[in-house]
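Undergrad: Each chain, written out:
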Amino acid sequence: MKNPFESFHQVGGRKREIPLDKILQSKEETLSKILNGYEHLLKNEAKDLVWLMQYSTVIKAYSIAEKGLEGIEYTAEDIEEFCYALDRSDQIPYLITGPAGVYISALCNYAKEEEITLHLRDLNVKVNLTGYRLPPNKKLIVEGNVGDFTGIGLDGGELIIEGSGKNYTGAGMKRGKIIVRHNLGFNTGHGMTGGEIIVGGRIKGLGKIVGGKIFEREHLVFPNEGVKPFYF
Amino acid sequence: MDIEKTIQKVWPKVRRKHLFPQIPLPKVIEGGEEVALEIKSKQLLISNSFFEKLKDVMEGEEIVEAILDHGITHYMYCPWDFHTHLTLYNEAKKVVRKKDLAQRATTCFMDVVADTYCVKGKDTKIPNLYKNLHKTGIHEVLTSLYEKIWGVNLGSRGHDERINRLSRIPYLERKKWEESIKKFTKVIQDILEEELENEQESPQRRPNPLGEHSLDNYSLEEIDRGLREFASAVEDLQEFKETVEDLKEELEEQGYATGGMGRGRGNPIDANLLYYMKLAESYTLPIRKLPIEKMGDLHPHSHMPWEIGKPFADIDIWTSFGKIIPGITQIWKKREGETFGELEGTPDCLIIIDSSGSMINPRERLSYAVLGAACACNAYLKNESRVAIYNFSDALRGNKIILDFNHEKERIYQAICRYFGGGTALDLEDTQYLLSRADNPDIFIITDMQITNLEKLIEFFNQIQNRVTAVHLGHNVHSTRFKEGTEKRKNISLFNVKEKEDNPKIILGKIKEYLSSTSEWG
Amino acid sequence: MKDGYYQERIRGVYDYISNNLYLNRPDIEVKGEHFNSAIMFGLLTCLNGGKELIIGEPGLGKTTSAEYVGSILYRYPLGVIWGSEVSGHPEQTEEKIIGRPDLGELNQGKEKVVWSNFAQIPVKVVDEINRLPETKQSMILNGVDRGNWEYLNEILINDEYCLFATANYQDRGTNTIIAPLIDRFDFLVESRHPGPNIAFTIGKEARLNHPLRHPQSEKELHQVLRGNKPHEEKMALAEEICDLYGEYMKENLGVEGLNKEERRKVKEEMMGISFDLDANAFVRMVLAELSFCHRYGQKRSVEACEEGCHYTGYLCHHIKNCASNRLPISVRNYSQALAWFLEDDEVDLEHIRLAIPYTLAHRIQWKDSYLSKKEGEGRNDPFQIYLAKEATEEIFQRYNEQREYLLEALAVGNKAFIGEEISPLDGDHPIYEEIKKDIGAKDEKSL
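Protein chains in written order, with this note's numbering: chain E, 289 to 520; chain B, 7 to 528; chain W, 41 to 487.
Okay, chain E solo, but in the shape it has when bound:
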């Protein structure tokens, strides 16, 4: 058969590239690696797309997430991109708020930047467990609302939520600071032993708090005369 493409034999090599192409390509590659790590986490921890929120499962999920992230170079923008990619995704890997939160926390904790800002206002889902184990010298700012268990086990970092959180915020935190611009739900600070939670709006209810400080609209609500430390 005659070659129907003969006239194109002289067409030159690949088209001209500009730095934008490389930036976008590297962004895609990074996102794909991050997604792979997350998929790996789901395969191990949420095989049937079910994940039970228990202290032990969180610890285990976090250690798998840490392994999954080994060797990946990424920035805060990549983390944000990952959040939106999961939010939009209608295929595997799905967004399961628990493991996703653990994974995002691990991403933030291992990021190069000391200060990370995530613009998550347009996210449809409120991610749980944001800021889990945030270490010292790290500042995580989330623009938008977050879900349950935000900042649990906070370990010296500073977590700023430019929105509202839900229940169990700061549960089990040891040190560091959580600032929430708007409101929080029930069991705030449950089991926290140190650090501060500063809330600009209202708190629906406090948990059983061991130590640390909680402010609601600039008033110290823990410890104060009505709410004493709880001893487990």
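Here are the simulated distance ranges between beta carbons:
#	chain 1	residue 1	chain 2	residue 2	range
1	B	Lys316	W	Ala239	47 to 55 Å
2	B	Asp196	E	Lys335	39 to 47 Å
3	W	Gln256	B	Lys15	51 to 59 Å
4	E	His328	B	Arg212	46 to 54 Å
5	B	Arg163	W	Gln338	55 to 63 Å
6	B	Pro18	E	His328	53 to 61 Å
7	B	Ser442	W	Gln338	53 to 61 Å
Hints listed in this document are in silico derivations from the structure and should not be mistaken for laboratory results.
Since we're looking at a predicted model, the values are computed, not measured.
Each residue gets a CB set at the ideal place from its N, CA and C atoms; glycine is no exception.
Start from chain E and add chains B and W according to the hints.
TA: Chains B and W only, in chain E's frame:
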């Protein structure tokens, strides 16, 4: 060389580079020193003052080529058409909520897309141009962005975090533009707000050096088409309304009115009406106007060769040269005559629309009832028939509109879009009156059937001979009753719309069917 | 002969017709020049031996534009062109169109065909072709397509011809042109109203004798055409008379047509013009959209698009039928003719984008839903030409965006075709799928 000669010289090269855009030779305007380019419809206008000012630092041909590259790429790539422009504006507006800011963000985004497209795909002097333009405020940010994504030194620096974010946007992926402009706008929002605030304090504004993008860029035809496409594409009425309200003044200045295009100012634009008009236009129907009927008598139509056994009576002696020889002799093939039927065109139509409280308010959300009525209205008007409207809620208490048969689309749409939101009762005297105003008109009724005097309506429909298309939204006992009460009548067709979204399609299909048919109704 | 010699003469013909005979506005622009499409494309039809369908309102010069162009360019006096025209009406017969038996011979029991002037001369004009009944339309299919005319076991083959047919807009009272016949037309042009100002001046200088009439030559030509000689001899004799008529035109009207040899040379020059890569790739993209079906392997008028098809945004989704192989031939011939006329070295995208809509307009059968959507849009052209122009620009937009990538995909196609181990490029357009089929990367038989 002066600017005109430079344009003449550069134009053929630029046209070829951009694969021959169908736009006229650019013209020169005196213009200001600050803005290089204006685009009016398809005409590019280059400012002589700008050219003269920049000539000290750049070659004249380079200036013109770069400006033309920029202008043509807007025409050839982004936004390409008014619909894309509106869509981008709409997305930017969702982020910034203010018209001015959204317009600026849209202009900036379209500039980044167009210039990046050019820099990546063509030999262009656009980077040189940016090197020599002023770099303050948002333009400083954009120049820094260009430095990063084009990989050229343009003498701008700073804004690292912002530039990092902006440089991750896939500007050259058309399918992602809606998402991209949102990201883009979020990142530059605070700068735009700051600029706007500063301008309010001191009204001197630094304009976009490569020109603003406004309705001036488009012809009235392009605007009309863009609005139609935009109406079909937006998620709801409110989005359309908001955008059109924002652009209302400019649209009216251009001579665009609700009823269509014209010269000078027409009636003020009603965004609601315009929405239903544009949306209904997407479903325009082809309707056969004059049905052809067979007359019954035969006439000679064409020739065919005679074969032994075929009747001699049909032989055409003139074309057979007086010979009876198979293959040479020809006979007439006869055909039944056709004439236009007695029905003179499409009948007029009375549209009865329910605007009671159980129906959606068409000025708040997309009402499928109104859309259905609008489509029906278009179908009849297009066939030069007249349309009357009976819009009712609690008609017996005066909540009704009676619009006599006429051809005026805008008046008809106003009547269709009126919402009462009260109880549901028809005054049959009104319908009888309207029916008497035309010769055997069709009736198109659209309602959820929760009509207080439904029995009387059924009785009424059972008495008349007019063709009735009844469309009801949702399924309920009333619609079942209506169906049972009218099922013996051949002139009534009832459509049960289970999902409201299907409504326009179903109605249109059926309108087409029944308006095209003649035998059953004749 | 200097470059552009023939082009200059053809421009002379254009100028003469547009200034004296067919007064109308320019309605197309190419390479910065403005032309009237009816005259311009009429000339190109004559030069490349094409088939043109001219539509328009009655009395707006559909037939006359064709007559003038054919008469001057082929140097046949107007009276001969008139005498050779076929007019479309239901009672039209094969004998009037093609030929009839020689009655004298027939009476002696012999069969001999007297060919019609229409079948013999190279300029063929069919007036109101859509008024011909379908059976008559089928009868002229072959002649229209190849210049082969058959009657009573005899055949007449035109070695050179062009054909113009006129039609009113498709409305009630006329037959439609059957699909096979319409596909055989290369080009669809509208003869437009010239506007009130020009219209007012038409006929102002009414003359007793039409400048293109030449009774002496007409008489001689009629005699030759009626004669008993073999067709080739008759044509040679006719050419001699045409030479004389050509001289007359040159001297008295200042306009020069082309003789047979010159026409041959021009055609040769046209065919030698190559397509640049953009023009080449763009035509492939157009053809892909007009013939592709993801679901059924190719577009077929009997098959409907599947719901939710990925290719919903492409033209294949809006049309019913598949592009025929005559389409690329028409595009090629007319764009080469246009490039030749404009003295361009290669056929480029501007020639192609101008020519394609006129080659598509009559061939595409649009789906009703698409027609409904576009019906109300403001326009200057008849609906079918407008739709074809819109379609061409829509595809061009896609081409403009994917140009580099598509060229690369085609280059990869070339490498794969000659046996290099290389993967074809994926892309969001039917053309990429078609490339894969051609290099065997996608098995057409697999379903």
